[in-house]
Amino acid sequence: MPDKEQIALMGHLMRRAGFGAPHEELAARAAKGYEATVEELLHPEHQEAVDVELLYRFLPGYEGALGPPLNQAEWVYRMINTQRPLEEKMALFWHQLFATGNSKVDNPPELTQQIAMFREHGLGHFRNLLVELARNPAMIFWLDNNGNHRGAINENWGRELLELFSMGVGNYSEDDIKEASRAFTGWTIGPKIPRNPLGRFYWSFEYRPEDHDDGPKTFLGQTGDFNGEDIIDIVVKQPATARFLARHLYNFFVADEPQVPSWNITPPNDPAAIDALIASYDQSGGDIRAMLRTLFNSDFFKAARYSRVKSPAELVIGTARLVGNYQGPRPGFNALAFECAYQGQELLNPPSVESWHTGAEWIDGGALVRRVNFAAGLLGNTSLPGVQSIIENLQERGPMTPAQLVEACLELSGPVEVSDSTYSELLEQARQGGDVHWDSESNRAESGRRAGLMLALIAASRDFQFA
Amino acid sequence: MLTTVAAGRVFDYSFCLGMYGMSGQGFWTPQDMALGENGIVYVINRGAEELGQRISRVTLDHQFLGQFGAYGRGDGQFIWPRSIALDNGNGGNNGNGIRVFATDDFLNRVSIFDADGAFLSGWGQPGSAAGELNGPAGIAIDHNRAGADGNVVIVDSLNHRIQRFTADGEYLGGFGSHGDADGQFNLPWGLCIGDDGAIYVADWKNRRVQKFDADGNFLQKFEASPSGIGALQGPTGVAVDSEGDVYVADWGSHQVQIYAPDGRFIASLVGDAQQPSPWTQTYIDANPDIIKARRRVDLEPEWRFRRPVAVKVDANDSIYVLEAARHRLQVYDKVKDYEEHPLNL
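Chains as they are written, first to last, in the working numbering: chain A, 13 to 479; chain B, 19 to 363.
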């Protein structure tokens, strides 16, 4: 039987490498072992994929979604129902890093295709992922590479590849951007059958050699007749790239860092952790899976419980998974997608290519109220299967003191680790009802109601806002 | 190809009908259709989330007559509209013509409307006990044959069984259970009733169609031959013509598979809507950029079936294929007097 500390550590891993898990799953995973669970997460191909036939049978509007929020809802469905949590979490990571938005692309299924590409390549080598990204139709349109022609370059993709997607500001020159852009001329999208009135048709990547500038280029000190893949080969060998990626992984999975635009002047909070991730990148030839193995098994990760503000997607998906009423197809996933947006993270439509600012910037007065109301509303709803499961677990523990009620609810809802002041407030509330009993129908009803209230209060706490 | 010749049969593409429309003229993720009198077709639209749920009334000559039903839980409303069937008007509408029966596989109920869409009544209780429903999908009414009783046969999908009711919802019996043996089902979807009262069920996850007699005794199945031809990847709808040929809307493979009465695979239809429907053409004609864009691409993906979900056959053995993802109906004729042209042209 795993002890509380092992379950708490597993809860931490599953919140970060996935979207959290109910207590029973945490206990089962902890019994299997921490490192074994890390390996299982790193190999999602060993788990069943989401049954898309079932999804599209019951929610056919999600297939080739005609418009938002259906494409967002489709992704929310997958994030909640996946048996491959890290695969989906990595898709979210790459979406936040390679931010592409429907506001310009205006082709929701293309964004969905991009996310599918992240699922497929998101745990592989960074080099391959960048090549796929450069070929991704939504990205090509988003950053205007379809307007990047031989003799008339458009620098948008070339610039963001270096600035936002691989190396970061300060590690290349304006000439490098121009030369990279020349190398990506001819990388475009083919015409497609227009949308409507017969549904959506997909773009496809098209390489047009007649539009490619095949002359010599000098990029980051190297000269040759570079094509796009040559540029990426050079980029992924840059120390700046390893460092940039390491900081992003740390910021997303370990602890909030300063906002990305300041990274060229602001050192990381934990330089040794970044160095460890860089070493993993170098040793593995840029293998994302290897970097994550290092990260999840590290002491700096294990010590970083509740040190990141949950993104809206993490809060919404994690809470929905915990309460268990979104298992399988049902109406309402669009409402969860809207909820992410109301809290400040409209999936598949980031505010710009610079993506969302993270950490404390997820929180403002309005967003906090929505976050609290959403989470407390679900966790306090004793009719939901996940909440009922928690109450059944409490009941099996028998009579309990108010302190035991607080501690058990915290344990079963995360485990959530709270500050002394939060704990005091929860205990004060629990004491108002006295000891908890389950020995009669009326006592069970009252104790269940009190448990729901306690869970709602936990969901409303400052501490619950952190992952 | 517009004309498919196989095993002594000829299937000739005729025309298409429909386009996407969130409401009004057009369909949105249509799931099933019913052929009414005087060329009127009823199409039930799934929509998405809280939008687009309705039954459209159109004619085969492309007139949009109206729609009824909407999102909601009230009488005559739908959350997940799924399938539709018509009775012949003799079964209890006081001589006031046909009635429209529609299933909702979220609300677990059947709603009944008159031919113009006025809500008449509804029935259905959620659950797994006899007579209860869990995800009612296909619906057929046994009235098109001698001795038919006008009863309603429903695919009770999430209970993996077939149930029979009177038109008023009184439970009469059922058959089937979860599994992949003969007579068992795995998330069955659509069904039809043949002229002899036989019941054909699209056994979706088992990737086959099963045929039963009117009492629910297993008779035969339609699936891939031992050599693999005629495989089904997710059958959703089934129909039988006057000669006993069986048409299967194979949602999973985007084809209609055709089998002889003995189960032998005959041919596939893949969709041939090279000429847009009048509704679609009007939309295109009104958008110069779309006209330009269409001239630069291979339009074949547009002709082809995308999620064919339901198939019906009329009294003349014309075949109607409804495509959920193209919001369209494609019509083929089974040509009886076809004369082969010289092949050495």
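Calculated directly from the structure, the hints in this document are not laboratory data.
It is possible that part of the hints are untrue.
[Unchecked claim] Footprint (simulated), chain A over chain B, 3 or more residues, beta carbon under 8 Å:
id	region
1	28 to 39
2	42 to 50
3	276 to 290
4	309 to 321
5	331 to 344
[As the list claims (entries may be wrong)] Derived DSS-like pairs (lysine-lysine); straight-line CA-CA distance at most 25 Å:
id	chain 1	residue 1	chain 2	residue 2
6	B	Lys239	B	Lys229
7	B	Lys352	B	Lys229
8	B	Lys239	B	Lys310
9	A	Lys204	A	Lys249
10	A	Lys116	B	Lys239
11	A	Lys204	B	Lys310
Built from N, CA and C at the ideal position, the CB exists for glycine as well.
Hints and how they fare:
| no. | hint | in the structure |
| --- | --- | --- |
| 1 | 28 to 39 | holds (count 3) |
| 2 | 42 to 50 | holds (count 4) |
| 3 | 276 to 290 | violated (count 0) |
| 4 | 309 to 321 | holds (count 7) |
| 5 | 331 to 344 | holds (count 3) |
| 6 | Lys239/B / Lys229/B | holds, 6 Å |
| 7 | Lys352/B / Lys229/B | holds, 22 Å |
| 8 | Lys239/B / Lys310/B | violated, 48 Å |
| 9 | Lys204/A / Lys249/A | violated, 36 Å |
| 10 | Lys116/A / Lys239/B | violated, 50 Å |
| 11 | Lys204/A / Lys310/B | holds, 11 Å |
The structure fails hints 3, 8, 9, 10 (numbered hints given earlier, in ascending order).
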